[in-house]
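Chains as they are written, first to last, in our numbering: chain A, 1 to 200; chain B, 1001 to 1200; chain C, 2001 to 2200; chain D, 3001 to 3200.
These are computed hints drawn from the structure, not numbers from a lab.
Everything numeric in this text was worked out from a predicted model, so none of it was measured.
Just so it is clear, CB atoms sit at the ideal spot from N, CA and C, and this is done for glycine as well.
Heads up, a few of these hints could be off.
A few chain D residues that face chain A, going by a derived Cβ cut-off under 7 Å, partial list only [as the list claims (entries may be wrong)]:
no. : residue
1   : 3072
2   : 3075
3   : 3100
Covered stretches of chain C (in silico footprint by chain B; criterion: 3 or more residues with CB under 8 Å from a CB of chain B, positions within the stretch not fixed) [said to hold, decoys possible]:
no. : region
4   : 2064-2075
5   : 2078-2088
4 protein chains.
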Amino acid sequence: MTGGLPVLPRNAKADGKPRAGGGAPIFLRFPALRSACLMVKSPGMSVSDLLPAPATGRFIAAVHHFPLRVYFEDTDLSGLVYHANYLRYMERARSDMLRIAGIDQRANLEGGEGVYAVTDLQLHYRRPARLDDELMVVSRVTKVGAASCSIHQTVMRDEEILTQGDVSVAFLTPQGRPRRQPKPWTDIFSRLMRGEDINL
Amino acid sequence: MTGGLPVLPRNAKADGKPRAGGGAPIFLRFPALRSACLMVKSPGMSVSDLLPAPATGRFIAAVHHFPLRVYFEDTDLSGLVYHANYLRYMERARSDMLRIAGIDQRANLEGGEGVYAVTDLQLHYRRPARLDDELMVVSRVTKVGAASCSIHQTVMRDEEILTQGDVSVAFLTPQGRPRRQPKPWTDIFSRLMRGEDINL
Amino acid sequence: MTGGLPVLPRNAKADGKPRAGGGAPIFLRFPALRSACLMVKSPGMSVSDLLPAPATGRFIAAVHHFPLRVYFEDTDLSGLVYHANYLRYMERARSDMLRIAGIDQRANLEGGEGVYAVTDLQLHYRRPARLDDELMVVSRVTKVGAASCSIHQTVMRDEEILTQGDVSVAFLTPQGRPRRQPKPWTDIFSRLMRGEDINL
Amino acid sequence: MTGGLPVLPRNAKADGKPRAGGGAPIFLRFPALRSACLMVKSPGMSVSDLLPAPATGRFIAAVHHFPLRVYFEDTDLSGLVYHANYLRYMERARSDMLRIAGIDQRANLEGGEGVYAVTDLQLHYRRPARLDDELMVVSRVTKVGAASCSIHQTVMRDEEILTQGDVSVAFLTPQGRPRRQPKPWTDIFSRLMRGEDINL
């Protein structure tokens, strides 16, 4: 997201270094973008600073907020969001929550450590969501076990509660057996459950 | 998105007015959030300013950029993004492109005007995407007809092209017949095709 | 599904009449199929009798059984079926149950009568399903109200219970208000709840 | 799929042997089913013979036919099948084609051999599908390479072509590199491409 060269799309790598020469071929492919450089005024700014980023949730105190928008893929012929898709929204929110709390699910999965699986869920649908709606998934940790965790999640549109429920997950080995969660993770969940501000 | 009252979740309505008394019940529901008010320092700022917003694309000159992240729902057992899901990504990007260019698909659908349907597509898959990847869908209008439109779309991860292709859509009546697109829309598409900066 | 002419694909229309001349263009398109006619021996048999049909459930007494197979689209990178997809399976089973009990959801939706929406669900995941698994969704009506209905559903693989839960649905007007279900439907649900054999 | 004991759901294991005692707990769980036994007349028949099976495609000569039905999950708010879902239908058909031609994708994936990935696709949408429609995916092998294969696929409703296109797939190692397909598979694909009847 930083870097002195005007590079597109943004090359915000983990190490913060832009890839050498990354900009050139893009400009050949998208000559119309050349003018975008004119929008870059200050010396430390690059075209990549203009690029939008994916939605990312945020903890406010110990409560996680994850925003999303409803697209065609989410609706069914009733004109409303298909009921199973709220589970996709809630899973995106939980994954984002883990990610910004410092838990890397992909690394754990690829390293053979384990993966979370849903074991129980309870959902109450109160009002429907529609195309283009901006929704917010609000998530709170409510229970932490050695190998499991429960989360209360609410899908809201402004102040309206659309769907709310509880989801329990278990940490499993790649073979599907319950496994004790890593200690640093249990610590994070415990802090969240007590309402501590994870940003501090 | 602004407003003097600390209201959660944000009540950015079309008219910009906060809903009266909207804040109270939220704080009863999420008492842990009360502390969030302490983060609000300046007089014109509210808790709602702290809330994240859904991903929104951006035109850079006439080229639309839409960011997204890969979630569990997008992958299959090969560990990679399931091939059909790139079409969902590309459709999100096209919908966002229309929306920020001022075209309201939902209003047109609900008003019985019509809806866009995909008529042809051609996709070339070059590299796979994986869980947690940040992707960018880059879209350019390449052809505009009376009742149709073609768009070139590229799904990128940093400078890498993962998938690219061309999508043609037709504007249809609710009964499924081709219908001339509204004149202001054709004008927008024509400007984009000529590479004009839609932000100006 | 029968008919004297060898027509492909099968032209089992509601009225049982084959479309005139329907066979010819297919054979031009798929010349290799011509040999299939040789498999048709008996005078009353046509090529269309060779064609497979979509999965259809069956009531055994008052218990509905719906079979399905797991495909790539259903799995995620853990190698297992993504948790939200069990809801898709269960909805297919409920739709099939209504259809073979004589309730036409599409006609009711298109006629502006109303549509069922899920209001509550409770799911317990016990064992995972994997690619290629043959599953059976077993459904029983457990409660019938004026505008609602509850169904107990179990997703099984042979004798193993994989996922089980309860789903409540409400019949809604197109505007989203609860509406009394048509009397013949309530009668069907009541008979099913009492365990009567719907086939008799 | 047969077996002397009335067992539910059917216990058609690869070895054809019913699991010992499998029937009892099911009858405790579903007492209403007991009456189903009365439907079983002939001595060699069991309740499991009454159970429906998942949709399975069929080769007619060298052309594969795969049937399916449209459910709520497949539609979007336009009332029609969402365009990306035709790719799911086509993938189900390809997987079924491989399976009944004797190619076990899951075993190959789990054994670390490799997996097919889509590299190119071209789709033309002509008419829409709607809820409850019975569709047929008709698939023909059109090209066979050392590490790749091309298939022409048509989604039909009776004699109408709804969507048609070409899909190319590559066989990849788990690390994502192209790998030569096993010789027996190339032989199958070559026979299918020449129009040979795979059933013979």
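Taking the hints in turn, this is what the structure says about them:
Satisfaction of the interface hint for residue 3072 (chain D) is found here, the shortest Cβ-Cβ separation to chain A being roughly 5 Å, below the 7 Å cut-off. For residue 3075 (chain D), the suggested interface contact is upheld, since its CB lies about 4 Å from the closest CB of chain A, less than 7 Å. Hint on residue 3100 (chain D) is violated. Least Cβ distance to chain A is approximately 29 Å, over the 7 Å limit. Counting residues of the region 2064-2075 of chain C whose beta-carbon sits less than 8 Å from any beta-carbon of chain B gives 3, enough to reach three: the coverage restraint holds.
With 5 residues having a Cβ less than 8 Å from any Cβ of chain B, the region 2078-2088 of chain C passes the three-residue criterion, so the hint holds.
Violated hint: 3 only; the structure is consistent with all others.
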